[in-house]
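Q: What follows is each chain in one-letter form.
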Amino acid sequence: MKRDSVLRLLYGKLASIKTSVYILSVMAFFFMAGTIFPQGEKLEDYIKAGGKFVAFVKLFGLLDFFSSPLFLIAAFVLFLNLAVCTYERFFAIRSPRRYPKEFTPTHGITLTQDEAEAVTETRRVLRDELGFRLVSKDNEWIVMEKGLPYRWLTWLYHAGIIVCVIGVMLTFLLAYEDTVTLAPGKAVAVEPEAQGRLSSLAGKKGPSGFKIKVLEFLTEYAEAPELDYPEGGLSRLAIGLGWQKPRYMMKGDSLFATDWKARILVEEGGRAVKEKLVEINDPLKYGGYTFYLLDFDQVFKVRVENNPILLEAKNNEEMLVPGLGFPIRFSIFRTGKLKKLDGSIEEIRGHTNIKYAGEGQDKDEDLGRIETGESVYINGRRLTLVDVVESPIMSYRYDPGMHLLWWGGILVLVTMSLRFFGSWHMAAYRIGSTGGIARLDVRMDSKGLFADPEKTAKRLEHYLTQNDIRPTPLQEE
Amino acid sequence: MLNYEMVLSRDSYLLGIELRIFWSIAFLYALSAILFLFHALARSQPSGRAARFIMTVAASIHVGLIVLRTFEAGRAPFQTLYESLSWFACSAALTYLFVSTRWKTVYLPGLFVSALSAGASFYALFGRSPAVEPLSAPLQSYWFEWHVILAFFSYAVFVVSAAVEASYLIIRPLVKRGTAGGLGLSVDALEGFHKSAFSLAAFGFPFLTFAIFSGAAWANEAWGRYWSWDPKETWSLITWTVFTLYLHSKAIPAFRDAPASVFNILGFVCMMMTFLGVNWLAKLLGIPSMHVYAV
Chain C
6 MKRDSVLRLL YGKLASIKTS VYILSVMAFF FMAGTIFPQG EKLEDYIKAG GKFVAFVKLF
66 GLLDFFSSPL FLIAAFVLFL NLAVCTYERF FAIRSPRRYP KEFTPTHGIT LTQDEAEAVT
126 ETRRVLRDEL GFRLVSKDNE WIVMEKGLPY RWLTWLYHAG IIVCVIGVML TFLLAYEDTV
186 TLAPGKAVAV EPEAQGRLSS LAGKKGPSGF KIKVLEFLTE YAEAPELDYP EGGLSRLAIG
246 LGWQKPRYMM KGDSLFATDW KARILVEEGG RAVKEKLVEI NDPLKYGGYT FYLLDFDQVF
306 KVRVENNPIL LEAKNNEEML VPGLGFPIRF SIFRTGKLKK LDGSIEEIRG HTNIKYAGEG
366 QDKDEDLGRI ETGESVYING RRLTLVDVVE SPIMSYRYDP GMHLLWWGGI LVLVTMSLRF
426 FGSWHMAAYR IGSTGGIARL DVRMDSKGLF ADPEKTAKRL EHYLTQNDIR PTPLQEE
Chain A
6 MLNYEMVLSR DSYLLGIELR IFWSIAFLYA LSAILFLFHA LARSQPSGRA ARFIMTVAAS
66 IHVGLIVLRT FEAGRAPFQT LYESLSWFAC SAALTYLFVS TRWKTVYLPG LFVSALSAGA
126 SFYALFGRSP AVEPLSAPLQ SYWFEWHVIL AFFSYAVFVV SAAVEASYLI IRPLVKRGTA
186 GGLGLSVDAL EGFHKSAFSL AAFGFPFLTF AIFSGAAWAN EAWGRYWSWD PKETWSLITW
246 TVFTLYLHSK AIPAFRDAPA SVFNILGFVC MMMTFLGVNW LAKLLGIPSM HVYAV
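Residue numbers (the numbering used here), protein chains in the order written: chain C, 6 to 482; chain A, 6 to 300.
I should point out that these hints are in silico values taken from the structure, not numbers from a laboratory. A few of these clues could be false.
As the list claims (entries may be wrong) - List time: in silico DSSO-like cross-link candidates among lysine-lysine, alpha-carbon distance up to 30 angstroms:
id	chain 1	residue 1	chain 2	residue 2
1	C	Lys-23	A	Lys-109
2	C	Lys-460	A	Lys-200
3	A	Lys-288	C	Lys-360
4	A	Lys-288	C	Lys-23
5	C	Lys-463	C	Lys-106
6	C	Lys-460	C	Lys-151
7	A	Lys-255	C	Lys-463
8	A	Lys-255	C	Lys-452
9	A	Lys-181	C	Lys-18
10	C	Lys-360	C	Lys-266
11	C	Lys-452	A	Lys-109
12	C	Lys-106	A	Lys-109
13	C	Lys-360	C	Lys-281
14	C	Lys-463	A	Lys-288
15	C	Lys-151	A	Lys-255
16	A	Lys-288	C	Lys-57
17	C	Lys-319	C	Lys-344
18	A	Lys-109	C	Lys-53
19	A	Lys-288	C	Lys-256
To be verified - Far from chain C, by Cβ distances over 12 angstroms, these chain A residues were calculated:
id	residue
20	Glu-10
21	Leu-20
22	Leu-36
23	Leu-42
24	Phe-58
25	Val-62
26	Leu-102
27	Ala-136
28	Tyr-147
29	Phe-157
30	Val-180
31	Ala-185
32	Thr-214
33	Ile-217
34	Ser-233
35	Val-283
To be verified - Where chain C lies over chain A, by a calculated footprint (3+ residues, C-beta under 8 angstroms):
id	stretch
36	74–86
37	119–125
38	159–169
39	190–204
40	219–228
Virtual Cβ for every residue (Gly too), placed ideally from N, Cα, C.
Sequences and hints are given; from them, build the entire structure.
A: Here you go:
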């Protein structure tokens with residue numbers, strides 16, 4: 006018996022909007038905590054970086070806060086609160102509405118019709134001219150309404166948020182992602198190492214059974230001039246006053262990567278099943294996975310003097326050349342289409358810059374520009390750039406919660422917009438008569454940002470009094 | 006065909022013109038803020054009218070400046086923080102001017118909005134580079150325009166809502182004491198004025214929701230994840246949560262007055278954190294963010 010009453014009390018608390026305010030406040034605080042501590046960082050790194058709240062961080066799992074038990078419990082309580090409120094409101098909205106016996110009128114209109122005629126005319130005007138429908142005539146006050154069903158719209162966007170949260174939960178439990186580097190012309194099997202949180206527990210593997218291959222990799226650049234602009238505030242003010250002028254200018258390497266694309270072929274059972282030019286913002290979807298162009302690798306193959314053994318290094322990685330005495334590195338290999346400043350487009354002659362990679366003042370010093378097949382002398386050693394292999398890095402993701410989230414999101418956005426920007430009006434009225442003069446008392450209520458009860462009341466008065474004979478002033482002789 | 010020198014000198018010339026106009030606009034916003042302040046201190050309606058007129062002039066020129074920048078860059082003008090600050094200052098001022106047509110004699114909210122517009126403009130001019138950059142690959146998406154326009158529209162509305170809320174909190178005790186002469190509000194109009202703060206927040210809320218969803222959809226296409234708990238994403242969720250708190254607290258009699266006002270102003274603070282504070286937070290705490298403005 007006692008347990009029942011405790012449960013009832015708990016349920017009552019969960020069905021309360023006041024509880025929503027408290028839990029939302031806690032959630033807002035938790036979200037803030039998650040932005041103060043670097044998420045995903047290791048505890049050792051946090052300590053090394055001089056982190057001051059080690060005990061707190063350990064206790065509450067603040068470096069992976071959004072997956073910590075504390076956060077998940079709070080999120081679950083919020084979800085329960087939302088679900089219980091939505092469930093309760095559903096029955097409240099479905100049950101027949103009970104209206105108060107008395108309303109406080111917001112408008113009063115004196116009518117010239119007799120009482121019986123006024124009753125018929127008011128009903129006709131509200132229904133035919135203003136579009137209201139009758140919802141209650143059981144009491145002295147008759148209630149009519151028009152517009153969008155705001156209670157259902159409110160309920161629907163809360164239900165939409167529940168659908169979104171379920172989608173997020175599915176993502177949290179089942180989604181996983183991995184990456185694959187595609188060497189040119191070589192088909193790679195999609196065999197993810199990573200697993201979703203729940204599937205890891207069940208020991209299942211994600212779906213696969215097909216291979217992907219890169220057919221071509223394209224990059225696009227634009228010439229981007231640099232702006233000669235002063236750092237100091239006063240100099241900037243001088244530009245504002247017209248005493249100085251900002252100046253664009255072309256510098257050595259003023260190429261700006263505007264796009265990179267990879268033509269990807271999907272093979273299943275030795276057969277090509279799909280081909281797509283993938284780029285950022287336009288991923289490939291196949292077999293429940295979505296493939297994104299994450300980055301690209303460039304491997305430089307270099308011959309030193311006439312040595313048949315080639316040295317290899319990725320872009321911006323240190324390379325030790327025998328006999329050179331210091332490390333070097335290759336900057337990004339520029340190739341593809343270039344949109345020039347004058348609007349013309351030309352093919353870039355593939356090239357890279359060799360940089361000094363040692364320590365000290367000369368770090369990053371440019372040691373020379375080199376194209377494929379060309380040689381350059383550095384410190385008396387001849388370096389020949391034999392080849393550059395470009396491999397796109399694809400990240401791929403399996404996320405069964407995403408579609409539910411989008412459908413929930415659409416439901417939330419549509420119903421929330423209708424609820425906030427649409428309008429609903431209620432007119433509760435009664436007609437009385439004193440001394441043979443009929444009087445209409447109306448209470449106008451509304452919902453929605455663009456609903457205007459004053460305007461509706463004025464229109465009602467206009468229609469009810471438009472045929473009245475009004476006294477006209479006598480004409481002067 | 007244009008040669009390089011011609012293109013560079015044309016672009017430099019246009020940027021020079023743009024900067025001179027923008028500096029003038031920033032000074033006009035500042036002058037407007039000073040006149041609004043004078044109105045508040047001296048209870049002078051003419052100075053309030055003058056402040057609003059100057060703000061109208063500044064915002065009108067600002068619209069022209071944004072159009073010029075759009076042509077100059079050949080894309081929507083909100084890629085860099087310089088451009089976003091300019092857009093923010095202009096949209097907040099325009100929203101205030103539109104809302105102020107409903108409360109023609111109440112000038113106090115204009116003080117907050119013009120000060121914010123001046124602050125945003127001076128920060129852009131003193132602190133950021135105005136260079137026109139080509140659009141980077143992740144930003145080349147139809148979500149770019151939608152997401153940013155919706156987010157900034159909601160920001161502008163929240164700025165004005167907070168300005169009205171703060172003005173209400175200042176004017177209400179004066180009206181109750183009968184010493185609010187010259188501030189343009191009577192006892193009868195007080196609650197209607199306060200209600201407009203709620204209406205504005207309620208108007209901006211669906212746009213903020215839309216901005217968050219469109220941002221998630223865009224992140225899903227560009228980065229392969231709709232949500233990464235990046236500081237900017239998290240702060241946008243905090244802003245949404247605080248405005249949810251505000252809207253819900255208006256439905257609870259015990260929270261309807263002072264607590265609701267606090268939530269509205271807190272929502273504005275969170276919105277500013279989402280827009281600007283995240284940059285500062287990421288730098289201060291060394292937290293990586295995919296949303297930090299590079300320029």
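Q: Does each hint fit the structure? Answer for all of them.
A: Each hint tested on the structure:
1. At most 30 angstroms may separate the alpha-carbon atoms for a hinted pair to count; Lys-23/C and Lys-109/A exceed this at roughly 37 angstroms.
2. Note on Lys-460/C and Lys-200/A: the hinted pairing holds, with a Cα-Cα distance of about 18 angstroms set against a maximum of 30 angstroms.
3. Using a Cα cut-off of 30 angstroms, the hinted pair Lys-288/A and Lys-360/C holds, with the two alpha carbons roughly 29 angstroms apart.
4. The suggested pairing of Lys-288/A with Lys-23/C is violated, with an alpha-carbon distance near 37 angstroms, which exceeds 30 angstroms.
5. For the proposed pair Lys-463/C and Lys-106/C, the alpha carbon gap of about 25 angstroms is at most 30 angstroms, so the pair holds.
6. The suggested pairing of Lys-460/C with Lys-151/C holds, with an alpha-carbon distance near 14 angstroms, which does not exceed 30 angstroms.
7. Among the hinted pairs, Lys-255/A with Lys-463/C is consistent with the structure: their alpha-carbon atoms are about 28 angstroms apart, no more than 30 angstroms.
8. Straight-line distance between C-alpha atoms of Lys-255/A and Lys-452/C comes to about 14 angstroms, which keeps the hinted pair within the 30 angstroms bound.
9. A C-alpha spacing of about 37 angstroms is found between Lys-181/A and Lys-18/C, which places the hinted pair above 30 angstroms, so the restraint is violated.
10. For the hint pairing Lys-360/C with Lys-266/C, the CA-to-CA distance comes to about 27 angstroms; that is within 30 angstroms, so the pair holds.
11. As the CA atoms of Lys-452/C and Lys-109/A are separated by approximately 25 angstroms, the hinted pair is consistent with the 30 angstroms bound.
12. Distance hint between Lys-106/C and Lys-109/A is unfulfilled; the C-alpha atoms sit about 40 angstroms from each other, more than 30 angstroms.
13. At most 30 angstroms may separate the alpha-carbon atoms for a hinted pair to count; Lys-360/C and Lys-281/C exceed this at roughly 36 angstroms.
14. At most 30 angstroms may separate the alpha-carbon atoms for a hinted pair to count; Lys-463/C and Lys-288/A exceed this at roughly 58 angstroms.
15. Restraint check for Lys-151/C and Lys-255/A: the C-alpha separation of about 24 angstroms stays at or below 30 angstroms, so the hint holds.
16. Restraint check: the Cα-Cα separation between Lys-288/A and Lys-57/C comes to about 18 angstroms, which is no more than 30 angstroms; the hinted pair holds.
17. Taking the CA atoms of Lys-319/C and Lys-344/C, the gap is near 26 angstroms; set against the 30 angstroms cutoff, the hint holds.
18. Under the criterion of a C-alpha separation no larger than 30 angstroms, the hint pairing Lys-109/A with Lys-53/C is inconsistent with the structure, at around 59 angstroms.
19. Between the alpha carbons of Lys-288/A and Lys-256/C the distance comes to roughly 29 angstroms, so the proposed pair stays at or under 30 angstroms and holds.
20. With a minimum CB-CB distance of about 10 angstroms to chain C, Glu-10/A fails to clear the 12 angstroms threshold, and the non-interface call is violated.
21. Not every C-beta of chain C lies more than 12 angstroms from that of Leu-20/A, the closest at about 5 angstroms, which undercuts listing it as non-interface.
22. Separation of Leu-36/A from chain C is adequate, the least Cβ-Cβ distance of about 15 angstroms exceeding the 12 angstroms criterion.
23. Listed as outside the interface, Leu-42/A is consistent with that label: its C-beta sits roughly 23 angstroms from the nearest C-beta of chain C, beyond the 12 angstroms cut-off.
24. Against the 12 angstroms criterion, Phe-58/A stays outside the reach of chain C, whose nearest CB is about 23 angstroms from its own CB.
25. The non-interface label for Val-62/A is consistent with chain C: the shortest C-beta to C-beta separation is roughly 18 angstroms, beyond 12 angstroms.
26. Separation of Leu-102/A from chain C is adequate, the least Cβ-Cβ distance of about 19 angstroms exceeding the 12 angstroms criterion.
27. The Cβ of Ala-136/A sits about 4 angstroms from the closest Cβ of chain C, inside the 12 angstroms cut-off, so the non-interface label is violated.
28. At the 12 angstroms boundary, the C-beta of Tyr-147/A falls inside the reach of chain C, the nearest C-beta of that chain being 9 angstroms off.
29. Interface exclusion of Phe-157/A from chain C stands, the closest Cβ pair being 18 angstroms apart, more than 12 angstroms.
30. With a cut of 12 angstroms on Cβ distances, Val-180/A stays outside the contact zone with chain C, its closest approach being about 23 angstroms.
31. Listed as a non-interface residue, Ala-185/A keeps its Cβ farther than 12 angstroms from every Cβ of chain C; the least gap is roughly 25 angstroms.
32. Some Cβ of chain C comes within 12 angstroms of the Cβ of Thr-214/A; the nearest lies about 6 angstroms off, and the non-interface call is violated.
33. Once the 12 angstroms rule is applied to beta carbons, Ile-217/A is inconsistent with being away from chain C; the minimum gap is 9 angstroms.
34. Interface exclusion of Ser-233/A from chain C breaks down, the closest Cβ pair being 9 angstroms apart, not more than 12 angstroms.
35. For Val-283/A, the requirement that its beta carbon stay farther than 12 angstroms from each beta carbon of chain C is not met, with the minimum near 8 angstroms.
36. Coverage of a stretch by a chain is defined here by at least three residues with a beta carbon nearer than 8 angstroms to that chain's beta carbons; for the stretch 74–86 of chain A and chain C the count is 0, and the condition is violated.
37. Counting residues of the stretch 119–125 of chain A whose CB falls under 8 angstroms from any CB of chain C gives 0; the rule of at least 3 is not met.
38. Residues of the stretch 159–169 of chain A with a Cβ under 8 angstroms from some Cβ of chain C number 0, which does not satisfy the need for three, so the listed coverage is violated.
39. Only residues whose C-beta sits within less than 8 angstroms of a C-beta in chain C count toward coverage, and the stretch 190–204 of chain A has 1 of them, not enough to reach three; the restraint is violated.
40. Look at the stretch 219–228 of chain A against chain C: 7 of its residues bring a Cβ nearer than 8 angstroms to a Cβ of that chain, three or more, so the hint holds.
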